[in-house]
Amino acid sequence: MTKHYDYIAIGGGSGGIASINRAAMYGQKCALIEAKELGGTCVNVGCVPKKVMWHAAQIREAIHLYGPDYGFDTTINQFDWSKLIASRTAYIDRIHTSYDNVLGKNNVDVIKGFARFVDAKTIEVNGETITADHILIATGGRPSHPSIPGVEYGIDSDGFFALSALPERVAVVGAGYIAVELAGVINALGAKTHLFVRKHAPLRSFDPMISETLVEVMNAEGPATAYSRRAESGGEKRRRQSDSGTGRWPQ
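Residue numbers are given in full-length UniProt numbering: position 151 of the sequence shown equals residue 151, and the series is strictly consecutive.
Just so you know, nobody snuck in bad clues.
Mimicking BS3-like on lysine-lysine, the simulated pairs with C-alpha atoms at most 30 Å apart in a straight line are: (1) Lys121 to Lys105; (2) Lys199 to Lys50; (3) Lys36 to Lys105; (4) Lys112 to Lys50.
FRET-style restraints, in silico, Cβ to Cβ: (5) Asn107 to Pro146: 41 to 51 Å; (6) Phe206 to Gln58: 12 to 22 Å; (7) Gly150 to Thr2: 42 to 52 Å; (8) Lys112 to Ala18: 12 to 22 Å; (9) Arg169 to Thr97: 33 to 43 Å; (10) Ala201 to Ser82: 32 to 42 Å; (11) Asp93 to Glu168: 26 to 36 Å; (12) Val151 to Tyr227: 12 to 22 Å; (13) Gly127 to Tyr227: 44 to 54 Å; (14) His200 to His96: 37 to 47 Å; (15) Ser98 to Glu168: 29 to 39 Å.
The hints are simulated quantities; they were obtained by calculation from the structure and are not laboratory data. In this text, all values refer to a predicted model and were calculated from it rather than measured experimentally. Think of the CB as a built atom: it goes at the ideal place given N, C-alpha and C, for glycine as much as any other residue.
With the hints as extra help, turn the sequences into a complete structure.
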């Protein structure tokens, strides 16, 4: 039997959740379809886990910069990556629980799976046919990968949040805010980090004062930067870890 809704949102990220909750609050019969975890990129592999990692990096950096003046012994230099990841996961889990509670309160049906359109008002999920008067496509984006040889040896921003250990050496390719943020976090947590910038400066679309100040700080504290470099074959190949911060495509 085909199930019918007034409104369906395909994609359980910030846009889909906000839209479906608002429609449900106005009395519409609603369903939210999400194949993975609720929250989308921001909550699961974006701004939320990044802020947790940034906070950890800030603590470590503060201890090393200012700790000795306040009586801290910085020679111990112990850091448990797995503990940080566990705390990050617990933080995200609490957000998932909050989403579940609000969607449940608004009587929104949450369906796990991928949606496929049959026609303009009909979709198929997990072999079940569902219809709706209105269907929102809010499927977000995915990291974009440059079409260059060897790209398969690197990871993207999603892959950064899947790391099981802190790499010893990292090359971050990109000059936007995501690349700069991740490079700064990795560097502050103790990995030897290089940021590869295609043109004259990172964050070049930002106010020049911001970009120039950033370059001054990075020159003093890291990560190291390399400008206008092209990868060429030859010599000995050594693989450490590379992260691509080259943007996202709609999906």
